[in-house]
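A.B. asks: Chain by chain, the residues:
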Amino acid sequence: MRTLLAAFIVTPALLVAGCATTPKENSQIIQLQQQIDNLDSSPEGKQYAPIAVREAQESLDRLKTFKGTAEEYQHQLFLTEKRIEIARETVSQKQAEETVASAELRRKDILLDAERQESARARDLAATIAGRAEDLERQVTDLQAEETERGLVLTLGAVLFETNKATLQSGAQRTVQKVAEFLNQYPERKILIEGFTDSQGSDAYNQKLSQERAQAVRDELAKNGVAAQRVDIVGYGEQYPVASNDNSAGRQQNRRVEIVVSKENGADVTDRTTMHIDD
Amino acid sequence: MKNHYFRFLLPFALVFTAACSSVPAPTSLLTQAQERVRQAESAGAEEAAPLALRDAQQYLNEAQSSIEKDRFEEAEQLLEKSLISSDLAIARTSSSKAQKAAEEIEKDLDLLRREATPNSRSTSSYESFE
Numbered sequence: 001m002r003t004l005l006a007a008f009i010v011t012p013a014l015l016v017a018g019c020a021t022t023p024k025e026n027s028q029i030i031q032l033q034q035q036i037d038n039l040d041s042s043p044e045g046k047q048y049a050p051i052a053v054r055e056a057q058e059s060l061d062r063l064k065t066f067k068g069t070a071e072e073y074q075h076q077l078f079l080t081e082k083r084i085e086i087a088r089e090t091v092s093q094k095q096a097e098e099t100v101a102s103a104e105l106r107r108k109d110i111l112l113d114a115e116r117q118e119s120a121r122a123r124d125l126a127a128t129i130a131g132r133a134e135d136l137e138r139q140v141t142d143l144q145a146e147e148t149e150r151g152l153v154l155t156l157g158a159v160l161f162e163t164n165k166a167t168l169q170s171g172a173q174r175t176v177q178k179v180a181e182f183l184n185q186y187p188e189r190k191i192l193i194e195g196f197t198d199s200q201g202s203d204a205y206n207q208k209l210s211q212e213r214a215q216a217v218r219d220e221l222a223k224n225g226v227a228a229q230r231v232d233i234v235g236y237g238e239q240y241p242v243a244s245n246d247n248s249a250g251r252q253q254n255r256r257v258e259i260v261v262s263k264e265n266g267a268d269v270t271d272r273t274t275m276h277i278d279d
Numbered sequence: 001m002k003n004h005y006f007r008f009l010l011p012f013a014l015v016f017t018a019a020c021s022s023v024p025a026p027t028s029l030l031t032q033a034q035e036r037v038r039q040a041e042s043a044g045a046e047e048a049a050p051l052a053l054r055d056a057q058q059y060l061n062e063a064q065s066s067i068e069k070d071r072f073e074e075a076e077q078l079l080e081k082s083l084i085s086s087d088l089a090i091a092r093t094s095s096s097k098a099q100k101a102a103e104e105i106e107k108d109l110d111l112l113r114r115e116a117t118p119n120s121r122s123t124s125s126y127e128s129f130e
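Line by line, the protein sequences are chains A and B. Using the working numbering, the letters of the first sequence map in sequence onto residues 1 to 279. Using the working numbering, the letters of the second sequence map in sequence onto residues 1 to 130.
Simulated from the structure, these hints should not be mistaken for laboratory data. Note that CB positions come from ideal geometry on N, CA and C, so glycine has one too. Accuracy of the hints is not assured; some may be wrong.
[As the list claims (entries may be wrong)] 30 Å max Cα-Cα, derived BS3-like pairs, lysine-lysine:
#: 1; chain 1: A; residue 1: K67; chain 2: B; residue 2: K69
#: 2; chain 1: A; residue 1: K263; chain 2: A; residue 2: K190
#: 3; chain 1: B; residue 1: K107; chain 2: A; residue 2: K108
[Unchecked claim] With the C-beta cut set under 10 Å, the calculated list includes, among others, these residues of chain B facing chain A:
#: 4; residue: E80
#: 5; residue: S95
#: 6; residue: Q99
#: 7; residue: E104
Just chain A, with the same shape it has in the complex (with noise of 0.2 Å):
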């Protein structure tokens, strides 16, 4: 029974293949397959042109198991090697297509990294300009005054000191002397001195070194003049920031001693915390 079955199996089978051409699976096959293996794979493992691709395939595939004529195999032939050559042009316009489409995102980049060399620049820059800034005020001669609700408020920068320390530098004497000048003009008028400091530092530190300074400012003054009763000192280390602590620029103007002038006559001034109860 089994061997019936199998002759009725085996002879169609035999029948068949000798008609048909055997499958062409020789070197050309193999050769092409490897061709599209190679087509569409990016390291991403991105397929640019899925379409084109798979009529490629698609066409080798058909000339895999083509059974017919030794002619209408060749010209199969001829077109699946035309398919995946229209498969590989396929490829690359769309790789390129992607190269166009992605020169925005990449002329933005450029242009961030040049913002951020930039700003490497700036920071340069703003340390230059902060060691100018320190010359010029050294020279300065005109005080910048600034009328404010509190009254007269004449910023001096912490270039008047030397880091960590309270006593006023050399230079510091000419513009601290020009202060009192100023301050003689109104001999009535309360002097209040207040220290800042930047955030670099404990709080309790920079406190004392904030009333510390304001207190060398005073002294300062006193020996050009400037009756010690009418000034008061207040140090308030790190509050008050007037720039950014994040950057050595910002930090140096923080670094600050402020002469508030009072607006009437025998009036103290407005203290600090007062007027921002009052606001």
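Using the hints, position chain B against chain A.
C.D. replies: Frame of chain A, contents of chain B only:
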């Protein structure tokens, strides 16, 4: 002139021969192949893919003469070859256009990259602080 004559005769030739041949005349395939060659030409294949375009034109001519000789099976294969060659010419043309655009973009980006590098700037901007 010859072409005009051919076009006039072709439908008649096709109708008469179709009856006697086992394979029908590939009329729609012929139209397709002619159209595809024109498409490749207008896409600029003459410049970007001259070899593929020439193949397409040559296969088309051969197919037309095969049709004249009632060799429809042969003509069909030639038209298929012409079509695929036109497709390749078009693909190659599009690809070369895209690549030229990509090259231009790369050049632009390179230029921008160089322009954006701050090394070349002078320090004269500091002078205003004096």
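A.B. asks: Now tell me if each hint is right for this structure.
C.D. replies: Hints, verified against the model:
As the CA atoms of A/K67 and B/K69 are separated by approximately 28 Å, the hinted pair is consistent with the 30 Å bound. Of the pairs offered as hints, the one joining A/K263 and A/K190 holds, with about 9 Å between alpha carbons and a cut-off of 30 Å not exceeded. The straight-line distance between the Cα atoms of B/K107 and A/K108 is roughly 15 Å, inside the 30 Å bound, and the hint therefore holds. Against a cut-off of 10 Å between C-beta atoms, the interface hint on B/E80 holds, since the closest Cβ of chain A lies about 6 Å away.
With a cut of 10 Å, the hint placing B/S95 at the interface with chain A holds, because the nearest CB-to-CB distance is about 4 Å. Contact between B/Q99 and chain A, as hinted, is supported at the beta carbon level, the nearest pair being about 4 Å apart and thus within 10 Å. Below 10 Å, beta-carbon pairs count as interface contacts, and B/E104 has one with chain A at about 8 Å; its hint therefore holds.
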